[in-house]
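A.B. asks: Residue numbers (the numbering used here), protein chains in the order written: chain V, 1 to 250; chain Y, 1 to 641; chain D, 1 to 240.
Keep in mind the hints are simulated off the structure, nothing from the lab.
Note that beta-carbon positions come from the ideal geometry of N, C-alpha and C, so glycine has one too.
Treat the hints loosely; a few may be bogus.
Unchecked claim - With a Cα cut of at most 25 Å, we get these calculated PhoX-like pairs of lysine-lysine:
#1 Lys36(D) with Lys184(D)
#2 Lys115(D) with Lys140(D)
#3 Lys92(Y) with Lys319(Y)
#4 Lys14(V) with Lys10(D)
#5 Lys63(D) with Lys92(Y)
#6 Lys63(D) with Lys115(D)
#7 Lys123(V) with Lys319(Y)
#8 Lys10(D) with Lys115(D)
#9 Lys13(D) with Lys184(D)
What the hints assert, rightly or not - Label pairs and their calculated CB-CB ranges:
#10 Asn129(D) with Val284(Y): 39 to 45 Å
#11 Asp68(V) with Asn129(D): 41 to 47 Å
#12 Ala188(D) with Glu208(V): 35 to 41 Å
Said to hold, decoys possible - Negatives, chain Y to chain D, calculated, CB over 12 Å:
#13 Val191
#14 Val193
#15 Ala254
#16 Leu280
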Amino acid sequence: MTDAILEARGLFRKFGDFTAVGGVDLSVVRGSVHALIGPNGAGKTTLFNLLTKFLPATAGTIHFNGRDITAAGPAEVSSMGIGRSFQISSVFPHLTARENVRVALQRSLLSSFKFWRSERELKTLHATADNLLESVGLNDFINTHALEMPYGRKRALEIATTLALDPELLLLDEPMAGLGSEDIDRISELIANVAKTRTVLMVEHNIEVVANLSHRITVLTRGRVLAEGTYTEVTNNSQVIEAYMGVQHA
Amino acid sequence: MSFADIHVSYLLSQLLVGLINGAFYAMLSLGLAIIFGLLNIINMVHGAQYMMGAFIAYLLLTLLGIGYWPALVLVPLIVAGLAMALERFVLKRISHLDHLYGLLLTLGLTLLIEGAFRQGFGSTGHPYQIPALLRGALRFGTVVLPVYRAWIIVASIGVCAATWYVIERTRLGSYLRAAKENAPMVQAFGVNVPRMINLTYGFGAGLAALTGVFAAPIYQVSPQMGSDLIIVVFAVVVIGGLGSISGAIMSGFALGLIEGLTKIFYPEASNTIIFLIMMLVLLVRPAGIFGSIATIAVGHSINVATQRSRELDRAAFLKIAIPIFVVACAAPFFVFPVFLMETLCFALFACAFNLLVGYAGLLSFGHAAFFGGGAYITAYAIQALGLPPEIGILLGVAAASLVGLVFGWVSIRRQGIYFAMTTLALAQMIYFIALQAPFTGGEDGIQHVARGKLFGIIDLNNTMALYFVVLTICGAGFLLFYRIIHSPFGQILKAIRENEPRTVSLGFNVNRYKLLAFVLSAALAGLAGSTKLIVFQIATLTDVHWSMSGQVVLMTLLGGLGTITGPLVGAFLVVALENYLAPFGSWVSIIQGAVFVVCVLSFRRGIVGEIGAAFKSLGTRDRRKNKIVPQRQRPADTNLR
Amino acid sequence: MPNRIDVGEKLLKVRDLHGWYGESHVLHGMNLDVGKGEVVTLLGRNGAGKSTTLKAIMGMLAKRSGSVRLRDSETISMRSDNIAHLGVAYCPEDRGIFASLSAAENLMLPPTLRKGGMSIDDIYSLFPNLRERHNAPGTKLSGGEQQMLAIARILRTGSDFLLLDEPTEGLAPVIVQQIEEALKRLRATGYTIILVEQNYRFASMIADLHYIVENGRVVDRVENHSLDGKLDVLKKYLSV
Numbered sequence: 001m002t003d004a005i006l007e008a009r010g011l012f013r014k015f016g017d018f019t020a021v022g023g024v025d026l027s028v029v030r031g032s033v034h035a036l037i038g039p040n041g042a043g044k045t046t047l048f049n050l051l052t053k054f055l056p057a058t059a060g061t062i063h064f065n066g067r068d069i070t071a072a073g074p075a076e077v078s079s080m081g082i083g084r085s086f087q088i089s090s091v092f093p094h095l096t097a098r099e100n101v102r103v104a105l106q107r108s109l110l111s112s113f114k115f116w117r118s119e120r121e122l123k124t125l126h127a128t129a130d131n132l133l134e135s136v137g138l139n140d141f142i143n144t145h146a147l148e149m150p151y152g153r154k155r156a157l158e159i160a161t162t163l164a165l166d167p168e169l170l171l172l173d174e175p176m177a178g179l180g181s182e183d184i185d186r187i188s189e190l191i192a193n194v195a196k197t198r199t200v201l202m203v204e205h206n207i208e209v210v211a212n213l214s215h216r217i218t219v220l221t222r223g224r225v226l227a228e229g230t231y232t233e234v235t236n237n238s239q240v241i242e243a244y245m246g247v248q249h250a
Numbered sequence: 001m002s003f004a005d006i007h008v009s010y011l012l013s014q015l016l017v018g019l020i021n022g023a024f025y026a027m028l029s030l031g032l033a034i035i036f037g038l039l040n041i042i043n044m045v046h047g048a049q050y051m052m053g054a055f056i057a058y059l060l061l062t063l064l065g066i067g068y069w070p071a072l073v074l075v076p077l078i079v080a081g082l083a084m085a086l087e088r089f090v091l092k093r094i095s096h097l098d099h100l101y102g103l104l105l106t107l108g109l110t111l112l113i114e115g116a117f118r119q120g121f122g123s124t125g126h127p128y129q130i131p132a133l134l135r136g137a138l139r140f141g142t143v144v145l146p147v148y149r150a151w152i153i154v155a156s157i158g159v160c161a162a163t164w165y166v167i168e169r170t171r172l173g174s175y176l177r178a179a180k181e182n183a184p185m186v187q188a189f190g191v192n193v194p195r196m197i198n199l200t201y202g203f204g205a206g207l208a209a210l211t212g213v214f215a216a217p218i219y220q221v222s223p224q225m226g227s228d229l230i231i232v233v234f235a236v237v238v239i240g241g242l243g244s245i246s247g248a249i250m251s252g253f254a255l256g257l258i259e260g261l262t263k264i265f266y267p268e269a270s271n272t273i274i275f276l277i278m279m280l281v282l283l284v285r286p287a288g289i290f291g292s293i294a295t296i297a298v299g300h301s302i303n304v305a306t307q308r309s310r311e312l313d314r315a316a317f318l319k320i321a322i323p324i325f326v327v328a329c330a331a332p333f334f335v336f337p338v339f340l341m342e343t344l345c346f347a348l349f350a351c352a353f354n355l356l357v358g359y360a361g362l363l364s365f366g367h368a369a370f371f372g373g374g375a376y377i378t379a380y381a382i383q384a385l386g387l388p389p390e391i392g393i394l395l396g397v398a399a400a401s402l403v404g405l406v407f408g409w410v411s412i413r414r415q416g417i418y419f420a421m422t423t424l425a426l427a428q429m430i431y432f433i434a435l436q437a438p439f440t441g442g443e444d445g446i447q448h449v450a451r452g453k454l455f456g457i458i459d460l461n462n463t464m465a466l467y468f469v470v471l472t473i474c475g476a477g478f479l480l481f482y483r484i485i486h487s488p489f490g491q492i493l494k495a496i497r498e499n500e501p502r503t504v505s506l507g508f509n510v511n512r513y514k515l516l517a518f519v520l521s522a523a524l525a526g527l528a529g530s531t532k533l534i535v536f537q538i539a540t541l542t543d544v545h546w547s548m549s550g551q552v553v554l555m556t557l558l559g560g561l562g563t564i565t566g567p568l569v570g571a572f573l574v575v576a577l578e579n580y581l582a583p584f585g586s587w588v589s590i591i592q593g594a595v596f597v598v599c600v601l602s603f604r605r606g607i608v609g610e611i612g613a614a615f616k617s618l619g620t621r622d623r624r625k626n627k628i629v630p631q632r633q634r635p636a637d638t639n640l641r
Numbered sequence: 001m002p003n004r005i006d007v008g009e010k011l012l013k014v015r016d017l018h019g020w021y022g023e024s025h026v027l028h029g030m031n032l033d034v035g036k037g038e039v040v041t042l043l044g045r046n047g048a049g050k051s052t053t054l055k056a057i058m059g060m061l062a063k064r065s066g067s068v069r070l071r072d073s074e075t076i077s078m079r080s081d082n083i084a085h086l087g088v089a090y091c092p093e094d095r096g097i098f099a100s101l102s103a104a105e106n107l108m109l110p111p112t113l114r115k116g117g118m119s120i121d122d123i124y125s126l127f128p129n130l131r132e133r134h135n136a137p138g139t140k141l142s143g144g145e146q147q148m149l150a151i152a153r154i155l156r157t158g159s160d161f162l163l164l165d166e167p168t169e170g171l172a173p174v175i176v177q178q179i180e181e182a183l184k185r186l187r188a189t190g191y192t193i194i195l196v197e198q199n200y201r202f203a204s205m206i207a208d209l210h211y212i213v214e215n216g217r218v219v220d221r222v223e224n225h226s227l228d229g230k231l232d233v234l235k236k237y238l239s240v
């Protein structure tokens with residue numbers, strides 16, 4: 001029995017009468033890169049928000065490392081070891097890259113409520129922050145304000161910030177969205193590196209990237225799992241082809 | 001008091017009063033709900049539009065001999081016309097901003113308009129005769145029903161019903177309802193949505209004016225007739241559901257009746273009952289009784305335009321702080337020390353407010369509760385309990401912090417406009433407690449509080465000694481504020497303000513951080529109030545009135561939200577304005593209102609913020625002059641035809 | 001019977017269209033032509049910029065530059081309601097059905113802009129399901145019914161140039177069939193349509209011309225009869 005770091009069973013999410021996610025089972029193997037794909041309106045974003053606990057499930061369970069996190073909130077699961085990124089790159093615009101990462105590192109300190117202490121105490125975190133920035137190729141941007149960085153670099157910064165939490169599981173929401181081909185290569189390499197010591201679950205549209213990086217793919221359509229397997233298995237599945245390309249009419 | 005003791009006629013007459021009030025609440029909330037639903041503007045100036053309705057009717061009668069019946073048609077048209085001009089030339093300019101700016105702008109307009117009317121017509125009330133047709137009374141046994149009151153009830157129900165019908169059952173109404181949901185889509189169908197918005201605003205204002213005409217024969221026509229009413233109406237709208245038409249009508253009438261009933265059975269609570277209900281509703285059903293979840297999506301933390309301003313690092317801060325300190329030490333020998341002390345206290349108050357709005361991103365409309373609360377507790381401690389000044393101040397700060405903890409815990413669950421309304425409601429309750437509680441001296445306040453001797457040594461009756469004590473206290477407060485924002489805690493606040501969902505996803509319990517910021521802000525505000533009490537030796541209702549909350553918003557906005565020295569500058573200017581313009585009566589209000597409006601329209605960064613931005617851009621200009629920018633190659637045209 | 005396509009008369013000429021969502025540069029110089037009576041599709045994967053192009057043409061994209069000539073008027077800086085008056089109608093990807101209105105109110109909402117709009121009877125004959133559901137609130141309609149309603153209501157306006165964003169997305173095959181029939185009938189009556197689709201087989205049943213969009217640019221232009229020959233190209237761009 002393979003070791004599943006994240007296990008979702010029978011997940012449902014309804015908005016009034018509309019069922020966005022209708023009974024999804026998902027098992028993410030520890031140490032793998034797992035991709036979630038599907039045509040528009042398939043429910044990928046909703047499912048992603050259920051897994052990152054930004055949206056509560058109408059029914060079903062989610063287990064992380066064997067623990068039931070179905071009722072937990074986003075801040076809670078973050079401290080348990082789940083880190084997430086956002087579809088539109090989410091950084092702190094008026095902070096420098098180093099300060100961005102430092103915020104994430106502050107979580108490990110107990111001093112975050114101590115309003116009477118100087119922020120100079122935070123200097124101890126700078127070495128770690130700078131190392132993380134270097135690992136994503138941002139050494140030249142350490143003191144640059146995030147809003148001045150090109151979009152691809154903001155994406156890298158966001159990943160560095162997520163890594164600062166030292167998460168076991170990384171949930172990435174369309175990491176390649178809005179990136180040019182150079183940045184796509186860079187970020188793909190970054191994810192591949194990161195995945196060597198962690199588990200990654202990503203929602204993605206870019207099939208090339210999915211083909212190159214993922215060990216396992218889950219195809220979603222109309223709120224349900226259509227197929228699951230390796231890239232080859234999934235792309236040769238006739239139902240998947242039909243969902244993407246449509247049935248040939250007579 | 002048992003039910004049997006109350007005369008039926010008394011009961012009915014109180015209910016009638018409640019119903020009349022309810023009629024006014026309903027009509028005014030209806031206008032607000034319509035405006036909010038479509039324009040997403042909290043139309044704070046609604047009270048002034050109501051007042052203008054009453055006043056214009058009065059003027060039409062006394063100057064042109066135009067009576068009540070034509071006024072019912074003319075006055076709403078006039079006020080609607082003015083409102084449409086306002087929307088087209090002023091409100092539209094800020095429609096893309098956080099809607100709390102709309103609230104600030106319309107608040108400024110209220111000050112301006114009410115000040116102008118006070119200046120022109122004095123603050124006493126003017127009578128308006130009930131029209132001949134509606135005089136007299138109907139008798140039902142022992143119950144007397146004045147004809148005019150009956151007319152109000154019938155007419156207001158008619159107006160509300162007609163408005164409801166147009167919105168819910170006609171084609172025009174379907175455009176409004178659709179645009180409320182998705183304006184760009186309606187516009188893509190070819191509907192001139194900007195014009196529709198303009199007409200809708202005019203209609204809402206016209207409705208307020210019509211209510212004013214209805215009110216003129218009952219209440220005295222005075223410039224401030226709208227200002228205390230509007231706060232209650234906002235509470236009604238929040239209870240009914242921001243943007244809900246039927247909610248506004250039904251809660252208006254219902255709350256008027258409830259208020260009437262409360263006056264019979266428990267008169268002390270009649271002022272606060274609506275706010276209490278609002279608190280309960282916000283806790284249990286945040287979208288309001290008839291509101292929908294869609295409208296609650298409106299709430300979010302205020303995104304302050306200030307972030308562009310430079311954050312002062314330690315060296316720069318000292319370069320500014322030391323000269324200011326030196327000046328402050330020398331100043332009392334040249335300038336009237338009491339004026340300086342007033343400035344220092346208000347600067348501290350503004351600084352406390354700035355901590356919450358500029359650094360935590362939470363706009364509170366109830367800070368007067370902490371300022372005035374601190375003043376009252378300190379006054380009581382010194383005068384009634386005979387405690388020395390330092391203990392009095394400590395108790396004031398402690399009380400303000402405690403109130404801050406409670407208020408914060410209740411309000412923080414909501415964001416944006418709901419947060420602001422909650423703080424306003426809570427502060428109104430404190431106001432009414434101050435009005436009625438035995439120890440606060442009611443309308444007189446607590447007067448002639450002895451200054452005493454600080455630590456038994458420093459005689460605070462010596463003005464110079466007092467000045468340096470106040471300087472020390474306020475200086476310590478500023479330094480604490482500086483340390484707070486430059487602490488690990490301050491960093492997280494900054495992160496929350498910059499991108500709250502990201503901060504949540506990094507594992508921070510943001511509500512706890514916000515709550516701590518709220519308590520710290522309340523404590524500093526309480527310190528400011530307590531110190532002011534020592535200086536002026538009096539604590540009055542003005543200190544806890546919502547206009548005081550508005551004053552501190554003005555000071556901070558003028559000086560610069562989210563800047564360090566902004567509050568000091570803002571406080572100085574506003575206090576100077578008040579003191580030196582005092583002999584000119586209402587000009588203070590007019591100018592303050594105008595400053596508010598100008599700031600929101602063009603100087604959102606405030607004085608210090610604008611100066612900081614100017615310096616920054618000067619810097620970049622120099623850098624760009626020296627840099628050689630290589631010409632980028634234009635990509636070949638990829639037209640494949 | 002008049003010629004369905006007036007050769008040489010271009011209804012829409014788009015040149016070097018750039019578009020931004022905030023600071024995100026999404027359209028990098030779109031160029032396309034649509035003749036009167038033509039049915040044209042924009043094919044491409046998610047995020048290519050197809051929906052954004054429709055929004056830009058309709059005037060619903062705040063920051064845009066370049067040239068969009070619609071019936072000889074330059075519309076690049078026009079407001080969307082003025083563009084609508086030129087006889088264009090837009091059906092967004094999320095259908096834009098108003099939840100607070102009933103189905104009938106939704107249907108009657110768009111004002112009649114030109115003569116020649118479909119009558120209610122014609123609309124109900126095109127989409128029979130809608131007749132029974134006319135009193136239902138907007139939220140209670142199924143995905144297929146919402147899509148039909150979204151198309152139906154713009155047919156009332158008299159606009160003969162339609163911009164349809166993924167009309168078959170997430171719909172069951174039987175409903176897709178109905179929509180295909182409806183669009184074929186519109187095409188036969190001389191409507192001009194730009195269709196955004198990921199489902200190229202559906203697109204091939206209706207369209208005359210396909211523009212393949214990638215990264216905010218047109219990278220290929222394929223006439224419908226040549227489509228099967230270019231299957232590899234398509235698979236590459238549609239990424240399956």
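A.B. asks: Does the structure keep Lys36(D) and Lys184(D) at a Cα separation of 25 Å or less?
C.D. replies: Measuring from Cα to Cα gives roughly 16 Å; hence the hint holds.
A.B. asks: Could you say whether the range 39 to 45 Å given as a hint is met by the Cβ separation of Asn129(D) and Val284(Y)?
C.D. replies: holds (40 Å)
A.B. asks: Run the C-beta distances from Ala254(Y) to all of chain D and say if the shortest one exceeds 12 Å.
C.D. replies: Per Cβ check, Ala254(Y) is outside 12 Å of chain D; nearest 23 Å; holds.
A.B. asks: Grab the minimum beta-carbon distance between Leu280(Y) and chain D and tell me whether it stays above 12 Å.
C.D. replies: holds (27 Å)
A.B. asks: Is it the case that Val193(Y) keeps its Cβ farther than 12 Å from each residue Cβ in chain D?
C.D. replies: Not fine: 7 Å to the nearest Cβ puts Val193(Y) too close to chain D.
A.B. asks: Given the hint that Lys13(D) pairs with Lys184(D), test it: the Cα-Cα distance must not exceed 25 Å.
C.D. replies: Distance ~24 Å between Lys13(D) and Lys184(D) Cα, so the pair holds.
A.B. asks: Against the 25 Å threshold, does the CA-CA distance of Lys63(D) and Lys92(Y) hold or violate the hint?
C.D. replies: holds (19 Å)
A.B. asks: Are Ala188(D) and Glu208(V) spaced within 35 to 41 Å by their CB atoms?
C.D. replies: holds (40 Å)
A.B. asks: Check the following: the C-beta atoms of Asp68(V) and Asn129(D) are separated by a distance inside 41 to 47 Å.
C.D. replies: Holds, since Asp68(V) and Asn129(D) (Cβ atoms, about 43 Å apart) stay within the stated range.
A.B. asks: Lys14(V) and Lys10(D) were given as a pair; does the straight-line alpha-carbon distance stay at or below 25 Å?
C.D. replies: Given pair Lys14(V), Lys10(D) is violated - Cα atoms ~45 Å apart, limit 25 Å.
A.B. asks: Within 25 Å, alpha carbon to alpha carbon, are Lys92(Y) and Lys319(Y)?
C.D. replies: violated (41 Å)
A.B. asks: So if I understand the rule, the pair passes when the alpha-carbon distance is 25 Å or less; does Lys123(V) with Lys319(Y) pass?
C.D. replies: holds (23 Å)
Checked against the numbered hints given earlier, this structure breaks hints 2, 3, 4, 6, 13, 14; the rest are met.
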